[in-house]
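S.K.: From just these sequences and the hints, can you work out the full model?
Protein chains: 2
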Amino acid sequence: MVKYVYTFGGGTAEGTASDKNLLGGKGANLAEMCSQGIPVPAGFTVSTECCTAYYAGGCKLPAELTGQVLAALKKTEANMGMIYGDAVNPLLISCRSGARSSMPGMMDTVLNVGLCTATIPGMIAKTGNPRFVWDSYRRLIMMYADVVMEKAEGLEPALGKGIRKILDEKLDETKHAKGCKSDTDLTADDLKALAAEFKALVAKHLGKPFPDDPMAQLWGGIAAVFKSWNGKKAVSYRRIEGIPDDWGTAVNVQAMVFGNMGDSSATGVAFTRDPATGDNKFYGEWLVNAQGEDVVAGIRTPSPINDDTKNEQNRHLVSMQHAMPETYKELDAIRTTLERHFTDMLDIEFTIQEGKLWMLQCRIGKRTGTAALNMAIDMLDEGLIDKKTAVMRVAPKQLEELLYPIIDPRTEKDAHLLVKGLPAGPGAACGALVFTAEDAVAAHRAGKSSILLREETNPEDVEGMRAAAGILTARGGMTSHAALVARGWGKCCIVGAGGLHVDAKTKTARITGSATVLKEGDIVTLNGTKGHVYMGSLPMMDATENPRFQRFMTMADTFRTMGVRTNADTPEDAKVARSFGAEGIGLVRTEHMFYGEGSDQPLFYLRKMILSNTAEERRAALNELFPFVKASLKGTLEAMEGLPVTIRLLDPPLHEFVPQGVEKQAELARALGIRVEDIKKRGEALHETNPMMGHRGVRLGVTYPEVSEMQTAELTKAGKKCVPEIMVPVTCDVSEIEVTKKITDRVHAEILKQFGLAKLDYKYGTMIEIPRAALLSDRMAKACEFFSFGTNDLTQLTFGFSRDDIGGFMNEYLDQKLLAADPFQTIDRDGVGMLIRMSVDKGRATRPDLKIGICGEQGGDPASVDFCYETGLTYVSCSPFRVPIARLAAAQAALKAGRKK
Amino acid sequence: MVKYVYTFGGGTAEGTASDKNLLGGKGANLAEMCSQGIPVPAGFTVSTECCTAYYAGGCKLPAELTGQVLAALKKTEANMGMIYGDAVNPLLISCRSGARSSMPGMMDTVLNVGLCTATIPGMIAKTGNPRFVWDSYRRLIMMYADVVMEKAEGLEPALGKGIRKILDEKLDETKHAKGCKSDTDLTADDLKALAAEFKALVAKHLGKPFPDDPMAQLWGGIAAVFKSWNGKKAVSYRRIEGIPDDWGTAVNVQAMVFGNMGDSSATGVAFTRDPATGDNKFYGEWLVNAQGEDVVAGIRTPSPINDDTKNEQNRHLVSMQHAMPETYKELDAIRTTLERHFTDMLDIEFTIQEGKLWMLQCRIGKRTGTAALNMAIDMLDEGLIDKKTAVMRVAPKQLEELLYPIIDPRTEKDAHLLVKGLPAGPGAACGALVFTAEDAVAAHRAGKSSILLREETNPEDVEGMRAAAGILTARGGMTSHAALVARGWGKCCIVGAGGLHVDAKTKTARITGSATVLKEGDIVTLNGTKGHVYMGSLPMMDATENPRFQRFMTMADTFRTMGVRTNADTPEDAKVARSFGAEGIGLVRTEHMFYGEGSDQPLFYLRKMILSNTAEERRAALNELFPFVKASLKGTLEAMEGLPVTIRLLDPPLHEFVPQGVEKQAELARALGIRVEDIKKRGEALHETNPMMGHRGVRLGVTYPEVSEMQTAELTKAGKKCVPEIMVPVTCDVSEIEVTKKITDRVHAEILKQFGLAKLDYKYGTMIEIPRAALLSDRMAKACEFFSFGTNDLTQLTFGFSRDDIGGFMNEYLDQKLLAADPFQTIDRDGVGMLIRMSVDKGRATRPDLKIGICGEQGGDPASVDFCYETGLTYVSCSPFRVPIARLAAAQAALKAGRKK
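Heads up: the sequence lines are chains Z and P, in that order. Numbering-wise, the first sequence is residues 10 to 910 according to our numbering. Numbering-wise, the second sequence is residues 10 to 910 according to our numbering.
Keep in mind that the hints are not guaranteed to be accurate.
The list treats identical chains as one, so a pair stands whether inside a single copy or across any two.
What the hints assert, rightly or not - Pairs of lysine-lysine, DSS-like flavour, derived with a Cα cap of 25 Å:
| no. | residue 1 | residue 2 |
| --- | --- | --- |
| 1 | 751 | 69 |
| 2 | 750 | 826 |
| 3 | 429 | 690 |
| 4 | 791 | 826 |
| 5 | 241 | 751 |
| 6 | 751 | 826 |
| 7 | 750 | 179 |
| 8 | 429 | 516 |
| 9 | 516 | 397 |
| 10 | 457 | 690 |
| 11 | 170 | 639 |
| 12 | 406 | 905 |
| 13 | 290 | 457 |
Quick caveat, the hints were computed from the structure, so don't treat them as lab data.
M.R.: Written out as structure tokens, the structure is:
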């Protein structure tokens with residue numbers, strides 16, 4: 010019989026921290042904490058295998074589960090000294106999700122399971138607190154009706170708004186009728202009456218009664234958690250995070266402990282170090298007389314657990330350190346135990362029930378990039394981890410945060426501060442205010458930067474939060490939904506900006522003590538590190554002058570074996586990339602210089618060339634282009650002095666450079682002294698049905714060899730300081746490379762002679778971006794000293810996906826899971842990857858010392874860097890700001906492969 | 010030392026007929042004829058290896074050649090009893106090209122080599138015919154100056170027209186001055202003076218004197234022939250014929266014999282059977298007192314060699330059979346010997362020098378498709394060849410002639426006959442008159458059918474002859490340049506239409522005895538089988554009701570192992586293809602039905618569907634489409650009763666069906682009752698940058714599953730008589746096939762239930778037309794019972810060549826030899842072929858009984874059929890008229906592989 014259930018409690022457990030795949034992160038860590046002697050309410054974990062079996066069986070719990078759960082429940086009862094469903098000494102339990110990888114707030118939880126007509130009197134007698142029991146009961150009804158009876162059953166939301174909202178309105182109505190401000194003002198009798206009304210509403214709207222049998226509640230709870238694995242929020246989150254759909258979740262069934270049993274009870278969430286900065290300070294928030302969900306939901310602004318956690322918003326609130334010094338000490342000791350044991354920063358949840366501390370959960374804590382870097386360095390220096398571990402501790406994508414700009418401090422002090430909040434996600438962000446997640450998504454699609462302003466965020470907002478440049482909420486603490494999610498992504502975020510009064514309907518926000526009313530579209534700037542919100546757009550500056558960052562990258566480089574270059578077309582880009590550690594340029598696009606208008610600009614002369622009718626006219630126009638080309642190349646090449654630089658010959662189709670508008674055509678005709686009709690006609694003659702597969706790249710070089718001649722001539726004059734590599738684009742046959750090489754070699758020799766220059770030791774190679782070139786790489790390598798994979802075009806042609814035209818179906822493909830990922834973001838290992846592997850093998854069979862790189866956009870994507878490492882590439886090349894990411898990804902790839910320099 | 014020189018003569022030879030690669034076709038056959046005791050002027054062949062060495066050495070004859078040539082020359086002198094360069098008994102020689110494969114008129118020849126100041130008196134004494142000697146001398150100067158001194162040296166044409174033209178003008182000038190009509194009216198003295206003037210002109214225009222040293226003449230002649238291998242004409246011809254550039258030519262140096270030594274001398278060209286019809290009749294032409302070039306050049310209309318060869322044009326001329334009965338008998342005996350020996354029809358050249366018959370050349374004769382078919386059947390029946398050989402004797406492409414229409418005989422008898430000529434190439438052709446090769450090429454590019462009308466053709470016209478639908482010349486015989494070339498291609502051709510007076514300058518032609526003046530653009534129809542030219546466009550009819558054709562195809566099928574299907578979208582096409590032997594349909598394009606306009610046409614409802622905003626509207630429009638789809642499919646499927654039919658789901662992007670013009674948009678808007686703006690907007694929304702790689706094929710099925718549903722529903726209703734195969738286009742991942750199969754299986758079941766139909770045993774498969782699908786064929790095969798290679802798109806994506814856009818560079822690629830052939834005509838074995846081989850291997854590894862076909866246009870190309878056979882495909886599918894070609898090509902592929910049923 011398959012073992013689906015694993016118990017924990019009373020200092021022992023059937024699982025360990027290494028059982029994450031089976032028990033989920035939460036379950037495995039609960040087991041581990043138990044084994045470490047940390048006080049954990051007893052319980053058991055229903056495994057992820059059971060989740061798989063549940064879905065395989067058509068959403069039915071497997072039959073063999075029943076006995077196992079009943080046995081585990083017995084053990085839990087014994088450990089806690091209470092009995093589930095018992096009238097005198099009843100045990101209450103929670104059902105919580107727990108996947109391999111944390112998905113905060115994305116799946117459902119049911120608390121207080123086991124409260125029913127039979128157990129309520131016993132609970133009241135035991136606690137002497139009828140108000141608490143009735144409050145727990147109405148919470149159970151609310152949560153259970155929502156999660157188990159409505160959502161998990163796949164019902165349409167009752168009255169279009171859902172049962173939870175209906176019950177919430179009933180609660181508000183009751184409060185209003187009783188003249189109560191807060192939930193806590195309601196009496197036990199009020200709550201008892203409310204529970205009865207709740208049950209009536211449930212039966213009316215959901216068509217069946219709230220179950221009064223504790224076992225029925227338990228099975229419903231377990232199934233609901235499994236069901237929520239495929240809820241809309243969870244699926245959407247997994248898509249963004251790249252979590253496979255087939256992992257499944259475990260269910261943790263655990264004895265309830267209560268933080269809301271009066272002022273000697275409390276609940277809290279903490280990080281063993283500051284998750285925003287990485288500082289080695291115990292960092293957390295708590296609420297007296299509250300349940301855990303009150304903290305996470307951000308409904309009440311929580312108090313700091315200690316002085317270290319105090320900030321402007323919560324400075325006045327009492328800390329646990331002061332209110333319960335003994336319990337705090339115990340918690341602080343557990344913090345140390347856990348960090349020593351897990352050698353990492355942990356995110357913990359605890360509850361104090363009538364003075365007794367219980368640990369409800371611990372997991373590796375999410376952190377910002379800055380925090381990840383600082384913790385890695387600190388823990389290395391503390392001797393907690395070694396260098397390899399330190400390098401592995403920062404996800405390459407997290408470095409982005411460190412590279413993104415911060416607000417220029419010189420202007421920030423004089424800026425118009427609108428309001429302050431909690432610094433939930435560091436860095437800075439600037440954009441137009443939007444008030445809904447949909448608007449944030451729309452702005453993102455339109456290529457606009459937005460700041461999502463919400464009263465508080467909830468899991469439905471996830472896509473909008475992803476799309477926004479920054480997130481700002483009026484409510485919630487550092488461990489609220491918005492803060493957790495934003496931090497996971499390293500996104501600039503400010504929460505709990507209590508001075509803001511958001512009206513989502515009118516899409517405006519008032520500010521306490523200010524006449525300013527913020528409207529949709531207003532530009533604001535967030536300083537996520539300080540929690541400051543400014544009016545307008547503030548200047549940003551570079552944040553990389555961090556010695557710890559430099560130290561970390563240097564350390565990573567000691568493990569790295571694959572080269573990292575940059576794609577750069579200008580001296581500025583080249584310099585930035587070099588400062589980020591680029592070891593050369595993998596791609597200079599020579600057409601870059603043609604992107605400026607005006608009759609003194611190179612584009613003008615290029616157009617003159619395109620509009621020429623004979624090779625002579627073309628050559629004359631090219632001679633006028635010469636100085637621009639040389640000037641443009643020279644600066645870029647010199648910025649890479651001593652390093653290799655790959656210069657690609659002209660790539661795009663000529664028609665891209667013929668002006669389209671009537672006015673522009675007329676203007677150009679005047680400037681060139683030709684007829685507008687000629688320009689129009691030429692434009693039409695150059696028009697192509699599928700330009701991506703048209704007359705471009707080496708095909709231009711074959712038909713207009715003057716262009717290659719001119720480029721070679723200028724390279725010969727400009728290239729002496731670097732190690733130039735001439736790259737032929739869009740090749741499909743070795744003959745194209747040979748014919749181009751004849752031109753470049755000839756012109757090179759001519760120019761040397763003409764100007765008495767020293768011979769350049771240039772290398773000669775090609776882009777591999779056409780499938781045929783990859784297939785015939787053994788031949789291509791005969792004429793090439795290097796290959797560079799143009800994975801953008803190679804992906805387009807291998808899939809038959811025009812990148813400009815996938816908008817109509819790519820989302821459907823991802824939603825329907827027809828493709829695992831967008832192949833333009835991460836190299837498709839199966840298809841495109843197969844071509845790349847073939848090409849590498851065949852190329853090296855011909856020429857063992859063939860240099861091979863990649864210059865497509867995936868070159869800066871960590872998963873793609875992994876692939877490039879595994880495939881044996883010499884280097885990856887990416888945009889300047891991705892260079893550190895690629896360096897770290899390459900180092901981690903080497904470490905993962907267990908190899909070292 | 011490499012042996013470069015092979016002698017022949019006096020009944021022995023160093024080579025044999027099997028040495029074609031080394032000695033060229035002509036050299037090998039000269040050697041073979043010698044060994045057979047046939048009278049051949051002695052000589053020697055300089056091998057093709059020497060040609061290769063010549064080019065490898067930078068266009069220098071290899072040093073070791075000298076001694077070998079001198080020794081062979083000695084042997085030739087001994088055999089012929091004359092001495093080269095001798096003052097008393099001088100031997101004259103010819104230098105002729107001879108490649109592996111015949112290239113008539115494409116390379117250069119030099120005759121009369123050895124005539125010089127020293128040998129002229131001896132020749133005059135020996136022949137007693139000073140006029141003949143001086144005439145030979147002026148011919149030598151002309152030919153040598155042109156071929157050896159000007160062309161082979163790569164000089165620009167003297168005075169822009171070339172030395173040959175200059176000398177020709179001098180000849181005309183002399184004739185005019187002397188009042189002569191014909192060359193033969195010039196006296197010995199006239200010719201002697203002319204020779205002196207020729208030499209002066211040569212020295213003046215070419216900068217050096219005509220060589221007077223016989224050995225210098227010989228070396229010049231040999232080198233010039235080698236050089237002419239890479240002349241423009243030869244290269245162009247090779248491109249068309251697919252002859253590799255690296256084969257090289259041999260040079261045949263042979264003792265001259267003279268057909269122009271008076272009335273007992275003659276020269277002729279013959280075929281051992283009629284090359285136009287295949288009739289077993291000795292067929293040839295001769296000219297008394299002439300050199301061979303006079304026959305081939307078509308300057309004089311030659312006489313028939315026998316009664317069998319007489320026709321309307323030459324009926325009045327004296328035949329060899331009557332004029333020289335003994336010599337004719339000897340020639341006829343040689344004809345029999347040769348056919349027995351070579352077991353094929355031969356093309357022979359002979360010369361009679363003062364009554365003695367010499368065979369100058371024999372080679373396998375070019376023939377029309379009709380002749381090839383008839384000869385194969387006849388020779389089989391005569392026991393000359395076996396069935397396998399018979400099947401190999403017809404080139405698959407030659408069948409085209411047999412399939413192309415002839416003029417409907419019922420209308421031909423009343424048609425307006427313009428003029429008669431010689432029936433040089435059979436079949437019929439109709440088109441607009443053009444007067445230059447360039448115009449024929451231009452008409453072809455514009456997609457127009459043309460008839461090329463020339464006084465006579467020359468090798469410079471080859472590309473125009475290729476481009477024209479038919480060829481018509483005023484001069485020349487059945488063995489003239491035009492006739493030979495056209496016959497090789499199976500192109501309709503009429504030569505020697507003496508009633509035509511062509512004025513190439515005004516692009517008009519008068520007709521003897523008629524007021525009609527033909528102008529450029531006039532439509533004429535040729536009956537190439539009769540030699541009749543008609544005014545206007547005559548109705549054509551099918552020519553395949555030939556029982557010999559049926560017998561031949563049936564015989565071929567006994568050797569064939571690979572299936573042949575057709576691509577057909579209509580019942581008509583399906584019926585034609587089935588009559589041509591198609592064994593099913595490899596591709597039904599379901600979008601075919603959308604090519605008719607009008608609001609009662611399916612296109613209207615498709616547009617309604619495209620302009621729908623919701624899935625409901627779309628489904629409603631599709632319901633209106635249902636009956637059309639069903640009707641269209643039903644007829645096509647029923648025409649293939651009992652055979653497999655592959656139906657492809659919708660393939661093209663939707664925007665192709667949105668009307669473009671303002672008027673059409675307005676009309677549609679009225680008909681649909683919507684706003685023009687909506688149509689415009691939808692068109693714009695559907696517009697794609699690279700539609701070939703856009704939202705089409707299965708991608709439409711993923712986003713609009715209603716379309717696949719509708720198609721499946723109608724197929725289920727219409728498909729019961731054939732064996733349907735549902736094919737999913739444009740797939741790149743097995744998931745796309747799986748998701749589509751779910752739809753088709755479901756809808757199929759629903760329709761069966763709804764209409765109480767019997768289950769269709771349909772097969773399910775995919776096009777392999779995206780490189781990724783080929784690469785991942787092991788996975789694709791998991792969801793497929795068959796693959797069909799869409800080699801059009803697969804070629805586009807593998808090369809990155811948009812077929813619509815290659816016009817700008819493909820010709821350059823072929824001219825510069827960057828690609829060996831246009832990959833859209835013949836499958837690129839190296840690249841696309843590699844993908845196909847991988848796909849076949851991987852697909853069959855998953856599913857050993859996987860059916861695999863090809864439905865791209867290359868399916869009817871014989872070289873591609875060869876490839877498909879070698880790769881193990883189950884069938885090829887091609888357009889109806891190519892079905893017999895594919896059947897024969899497949900049979901030949903099996904025979905070539907040495908396999909039989």
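S.K.: All hints are to be evaluated individually against the structure, with a verdict given for each.
M.R.: Results for each hint:
1. 751 with 69: between (70 Å within a copy, 23 Å between copies)
2. 750 with 826: Result: close only across copies, 15 Å inter versus 45 Å intra.
3. 429 with 690: neither (60 Å within a copy, 46 Å between copies)
4. 791 with 826: between (41 Å within a copy, 18 Å between copies)
5. 241 with 751: Intra 59 Å, inter 22 Å, cutoff 25 Å: inter-copy only.
6. 751 with 826: between (48 Å within a copy, 15 Å between copies)
7. 750 with 179: neither (80 Å within a copy, 48 Å between copies)
8. 429 with 516: Classified as within; 20 Å inside a copy, 90 Å across copies.
9. 516 with 397: neither (49 Å within a copy, 85 Å between copies)
10. 457 with 690: between (36 Å within a copy, 23 Å between copies)
11. 170 with 639: neither (66 Å within a copy, 44 Å between copies)
12. 406 with 905: within (17 Å within a copy, 60 Å between copies)
13. 290 with 457: Classified as neither; 38 Å inside a copy, 85 Å across copies.
Of the numbered hints stated above, those contradicted by the structure are hints 3, 7, 9, 11, 13, listed in ascending order.
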